[in-house]
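J.: These two chains come separately, so use the hints to put the complex back together.
As given, the protein sequences belong to chains X and Z, one line each in that order. Numbering-wise (our numbering), the first sequence opens with residue 2 and increments by one. Numbering-wise (our numbering), the second sequence opens with residue -7 and increments by one.
It is worth saying that the hints were derived from the structure and are not from the lab. Misleading hints may appear alongside valid ones.
As the list claims (entries may be wrong) - Derived lysine-lysine pairs resembling DSBU-like cross-links, with alpha carbons at most 30 Å apart:
id, chain 1, residue 1, chain 2, residue 2
1, Z, LYS5, X, LYS2
2, X, LYS2, X, LYS69
3, X, LYS69, Z, LYS49
What the hints assert, rightly or not - Chain X side only, calculated, beta carbon under 7 Å to chain Z, not exhaustive:
id, residue
4, ILE8
5, LYS43
6, SER47
7, LEU50
8, ALA80
9, LYS99
10, LEU100
11, THR104
12, PHE111
Even glycine gets a Cβ: it sits at the ideal position worked out from N, Cα and C.
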Amino acid sequence: KQEVTQIPAALSVPEGENLVLNCSFTDSAIYNLQWFRQDPGKGLTSLLLIQSSQREQTSGRLNASLDKSSGRSTLYIAASQPGDSATYLCAVTHNTDKLIFGTGTRLQVFP
Amino acid sequence: KAGVTQTPRYLIKTRGQQVTLSCSPISGHRSVSWYQQTPGQGLQFLFEYFSETQRNKGNFPGRFSGRQFSNSRSEMNVSTLELGDSALYLCASTRGSGYTGELFFGEGSRLTVL
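Here chain Z stands alone, though its shape is the one from the complex (with noise of 0.2 Å):
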């Protein structure tokens, strides 16, 4: 049973650029959230999706979003990038709503921002 795939893998861009990242969970998951991890901060929600609905969001700038497709794969993009972007970019899936079971979690996305 194939994990949670998150494309790319690592990427650079500069301020001001904008970024996709792309994340497929689990087969049969229809739940998938996604983390921003730094050092400083720590690992931090940013939003989850069921069933091509925005359930929850974090406490991001509306710099960042994302969406949910109809085979549960999700996108994140991040606009106008600044140097504080940089981060590991984490994505889960679970198979129901919210978070009452088991969450799987993809490699992570590393962006870097020159």
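If we strip away everything but chain X, and leave its shape as in the complex, we get (with noise of 0.2 Å):
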């Protein structure tokens, strides 16, 4: 059975530091991970998606790797702003052809 992790659950950051969230899952046989963002009561927004194949997306100050071979996959975020204070989601695609969902870092970036 497929089980998705992430470290931490919280963490809170002055602005300007480089941070990092952790994905880990237990099953390799993946199709793809995406990285998500959800601000409180909304829904959730597509930050990057990592095709099973591919190593690295970036896109802006975001950058998420994987390594599947490890179960791990990582979101790097650069300069933090308080704009960034929300909660950040991983989800798998397993070869059920299931999504699923990591148990989220809610992160605060602080002024």
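T.: Here is the structure:
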């Protein structure tokens, strides 16, 4: 059974710091991995999608890497800003063709 | 380009009632999937529809059902509501089938069962 875990569960940092969010999954048979952002009471916004054949994806200040063999992905946020405060979720598409979400990391960036 | 639209955004029901939630995907997207989000269980997959056919179903009781129309709009229904059904229900759409492409989510329908 595929399980997705995110560490840390919560993170509070001052503005300007570079930070890394971690996502681990137990079964390496995935199609892809996506990172999402969720603001309180809102839906999810897709940040980055990494196909299983790719190693990383970049968008602006965000960089996500994928290591299928070790069952890990990291989301790197450069020069964090208060507007980055949100919950970050990773999700893997398992070979059963279902999307399985991680537990989320709640990020707070203070001025 | 309009995003994924979910209606209603908020609703309150009592135990035993039923509820229908609606999801309009992005134009051109043929796959719609539904998720339940609660503080205790996180985000859990409910079901996925593609071209009016249910392709996948999560581990939820039969009280949870859905359907997709020829215009790709989807509805989900929950019958005989229980207190534990209180949650944020999210739908997402993607162009192809399954999850090979990027998923786009709606704002969700927040259901409170009293």
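J.: I'd like to know which numbered hints this structure contradicts. Please list them from smallest to largest.
T.: Checked against the structure, the hints that fail are numbers 1, 4, 8 and 12, while the rest are satisfied.
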